[in-house]
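Top line first, the protein sequences correspond to chains W and E. Using our numbering, the first residue of the first sequence is number 4, and each one after it goes up by one. Using our numbering, the first residue of the second sequence is number 61, and each one after it goes up by one.
To be clear, the hints were calculated from the coordinates, so they are not data collected in a lab. All C-beta atoms in this analysis are idealised placements derived from N, C-alpha and C, irrespective of residue type, glycine included. Please note: incorrect hints may appear among the correct ones.
[To be verified] Computed beta-carbon distance windows for the label pairs:
#, chain 1, residue 1, chain 2, residue 2, range
1, E, 248, W, 86, 15 to 21 Å
2, E, 226, W, 531, 53 to 59 Å
3, E, 162, W, 10, 49 to 55 Å
4, W, 549, E, 162, 40 to 46 Å
[As the list claims (entries may be wrong)] Straight line, CA to CA, 25 Å or less: simulated DMTMM-like cross-link-like pairs of lysine to aspartate or glutamate:
#, chain 1, residue 1, chain 2, residue 2
5, W, 760, W, 692
6, W, 363, W, 336
7, W, 363, E, 74
8, W, 363, E, 219
9, W, 208, E, 219
10, W, 107, W, 170
11, W, 208, W, 170
12, W, 315, W, 305
13, W, 208, W, 54
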Amino acid sequence: MTGADVRRRVADLFDAVVELDPSDRATFLDHACRDEPAVRREVEALLAAFEGTRTDALFPTLFRADHAAMLAVGQRVGPYRLVREVGEGGMGVVFEAVREDVGKTVALKLVRHGRLASPEHLRRFHLEQRVLARLEHANIARLLDAGVTDSGLPYLVMEYVEGEPIDRYCDARRLTVEQRLGIFGQVCDAVQYAHRHLVVHRDLKPSNIAVTHEGVVKLLDFGIATLLADDGGTDGRLTRTGMAMLTPEYAAPEQVRGAAVTTASDVYALGLLLFELLTGRRPFRRESRSTPELLRAVCEEEPEPPSRVVRKTHTESRGDGAREPLTPDEIADARRMAPPRLGRRLAGDLDTIVLHALRKEPERRYGSVQALREDVDRHLAGLPVRARGDSLSYRSRKFVRRHRAAVAAAALVLLTLAAGVVATVAQARRAEAERAIAQQRFRDMRSLAGALVSDVHDVIVDLPGALPARATLVTRALEHLRRLDRQASDDPALQREIADAYVKLGLVQGNPTGANLGDLAAARASFARALSIAQALVATDSTDRAARRTLALAHEKLSDADAWVGDLPQAVEHARHALEQWERLAADGSAGVAAQRAVAMSHIKLGDVLGNPNLPSLSDTAAATTQYREALALMRAVPGDSLRDWTTRRLLALVHERLGAMLSLAGRHAEAIAQFEQATGIREGLVRERGASVDAVRDLAVAHQLLCEAQLAGGDDTGALARCTRSLALYESLHAADPRNTQSVRDLSLGHQSMHKVLAARGELSASLAQLERSAALSRQLLAAQPDNVPVRHDLARGLLFASAVHATLAARPAATPAGRSAQRQRAVATYEEGQRILAWLHERGQRSSEDSVLLARARTALVGGGAGP
Amino acid sequence: MTAPSPHDVTRLLDSLRGGDRAALDALFPLVYDELRRLARRQLARERPGHTFDSVALVNEAYLKLVDQDGVHLQNRAHFFGVSARAMRAILVDHARARNAAKRGGGGVAIPLDEVAELLSDEQAEHVERLDDALAELAGANEEATRVVECLYFGGLTLDETAEALGMSVATVRRRWGFAKAWLGRTLQAGA
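Chain W on its own, in the form it takes in the complex:
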């Protein structure tokens, strides 16, 4: 053996032997070192040194931090006398103490890691503590006092709770699954209460949850993680706190990733707790894993369902380092059940509930602790639970909708709270004494506001069936924003956030090109507010890229909104401004493909308002084509590998579609078909890769529809029928999934119009009429809710004129009976007149395309040709 081998061997033997009972060591070494007397001597010398060396002599105290543990019992801390040490945790040492002046027993915690770094931190410590002291709930151990020792260590004084950690309490009493769920419910109540007071626990784990001998749950250390965080006076407290106090085995994935810690993190922690109460184990166990491995598991591994976990034997390492094998029999016995029955008891609902709370993405968990608690209650009451299993529902749109509704509801609750807190803050700000906390809370609320408005936005896109909730959300968000707006005139970062929030809010109120609440005027006002804030910011600091992006976005959205209400010159103006801003952003050397894409997109949008025949536009097709060609040239210039990128491909498809439309208009059908086929190919690929995305499916449907129209114009009605059938089927499925979504209704309506054209071209006139009737019904349904929606009014007028022409053709058929011919003629006239009236109405508002005139003329010709006068 080399020297290195000997050293390795000595170390390995020492590791093994030191863990043995002293009485077994000699026997072990007899066997292990039979032919290695030198190695044995070395190991024995080390063992002797290990036993004979006092740790404190070898490693004398160098640092004050260690003094926390050395505070002698009997010593005084502030007005408290320490009685006995009752525990030691990662955060510090806990003593039973007595407040001598009132004779009250309390728990006093000396915080090891919490040395208060600065006077400001100390100040905030006291102010935060006051917030926490307001938490009054039967299941939360109250924070009574907090202070700093003479040597600068912070201490916390809490209600003294005589109890056991929740896991040990349940196991020691062999509580049944039902009893455990009852106890768990109490925990949920306490957490829910704190969330309503905007306090997130962040560090829920069994050792922080005590149960008294009367069976009352008491949560310890509520909000303490927040209290002790030193944010150094900068932003992002939520994030940092999550990291500083992290217990890896109880960390939520977002905490591991350093993302924002929110109430959803507590929902996750409750999922872990429930898992542990039900199975006696944690889903992600340390065992022999290093911390990085453990953290990776937290972020990536799916937890096993509890029902499966209880069927296996595991070695569990407890907090004190001892290892306990846990067999299925032991686990089941602690729950007063036979192992197979316990597995069956957990399978189904309880598996679902636990795994739902433990999802990796915070937004896919229960939307609130309340929702989790309700599902547990529903399960106990024998009702079906609301959560659904992962694999199936993840793909199912139905689920996505239900889930989003839950998130929206949660967001609503939080927004209500946010508004309340901001009001409180406004008051608090008046009192100089509470200024520090006011500012801190204000910062928190502001990021909450930003997150909420964006969550609200993301949630509401495509969210059907929750109209009143959505409207309330928007109102609340608006109130909240205005209040923030008034309070923060001098902070550019906040100003920008507010501008962004206005943009998002506008999109929720009335995004003309997406799902929305249909209030275009309100949306326009929000975009305009965002614009003026962003303009001021850019004027002050022309290097502020984020503000410039907001400015570009605001111009873009205003352009959309103006186009949709018919103010086209203004829409073009905004589109040009938007393009200019995007170009300035992309001109920066550090700007990447995304900036190039934004410019291309902006060219497309400008082209649209200039002359896209399918959208409200100035009908300047030449100018529009120029913009589209610019966009295509830009897209072709992006690096090849970014063409694999989803967004880039999507945009490329869009450009092909736009150019195809222009070529169609110019009567260059073969070229148009080629463009549309390119687009359809790209879209098919995107849907294959992202089957569940509503947007991708819709885009594919549109692509098929465009190709269909081009084929029809080129004289290929069979090809067109195939394309149109596919397109209509896709629209139908989207509409069925989301019947209240404005966009899906309009899409379907236009899909029917396309089908009418195909059928009419094939001579199937009655079938073609049925398509138009369905289309008109859908348009009317939309107009009832949104009378100002110009495009939909246009749709209806066109549909009516198409129908008039078909009726007229039917009336002119020699095969028809006289009565039938007369009826058809009457309907031809009626539909013509209604269509004409709508176009006249639009015309008064400057909305009339050459296409309309052609349509009108064609319908009149049909009428005349059919022998009827208008």
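Following the hints, position chain E against chain W.
Chain E only, in chain W's frame:
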């Protein structure tokens, strides 16, 4: 020297996490300087006779040096690991300077007035001997030396040490036990 930007330190930590040893060489002096500066400041504020708080120092250095927004959790662990090494170096440099001055020798690297309060005479003697023993231990078991740095000089917890060194807690415990035995034997023999 100019202060490193939080971004630089975060980038170095990323490289370190990716296994780039050169990153450690670049990082170490930054952390060393910052910790020493903070220690000096902390001691200047304190009444004489107080020991200082290494955990607070490391935390403070961390908040100061590392970009909190882009930070990866494991970077924090690595930072603590590097800090523990730097802490050892600071204390040992100080101890040697102090002992040398007391013995009347030359070659004082650090002006004593800067860090006069860092260690007592007794502590300084012990730290110097401990450091020599640790250097020997590194030859026998490198991991054990790292564990001592983290737990003792860095003031890290078992979990943090496990994180910083990429070991399991059980391994940290074992290496600590070995270090204790080894150092105990060496120091007693030398005493």
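These are the hints, each one checked on the structure:
no.: 1; hint: E:248 / W:86: 15 to 21 Å; verdict: violated (39 Å)
no.: 2; hint: E:226 / W:531: 53 to 59 Å; verdict: holds (54 Å)
no.: 3; hint: E:162 / W:10: 49 to 55 Å; verdict: violated (35 Å)
no.: 4; hint: W:549 / E:162: 40 to 46 Å; verdict: violated (58 Å)
no.: 5; hint: W:760 / W:692; verdict: violated (32 Å)
no.: 6; hint: W:363 / W:336; verdict: violated (31 Å)
no.: 7; hint: W:363 / E:74; verdict: holds (24 Å)
no.: 8; hint: W:363 / E:219; verdict: holds (23 Å)
no.: 9; hint: W:208 / E:219; verdict: holds (16 Å)
no.: 10; hint: W:107 / W:170; verdict: violated (28 Å)
no.: 11; hint: W:208 / W:170; verdict: holds (10 Å)
no.: 12; hint: W:315 / W:305; verdict: holds (17 Å)
no.: 13; hint: W:208 / W:54; verdict: violated (35 Å)
Checked against the numbered hints above, the structure breaks hints 1, 3, 4, 5, 6, 10 and 13 and satisfies the rest.
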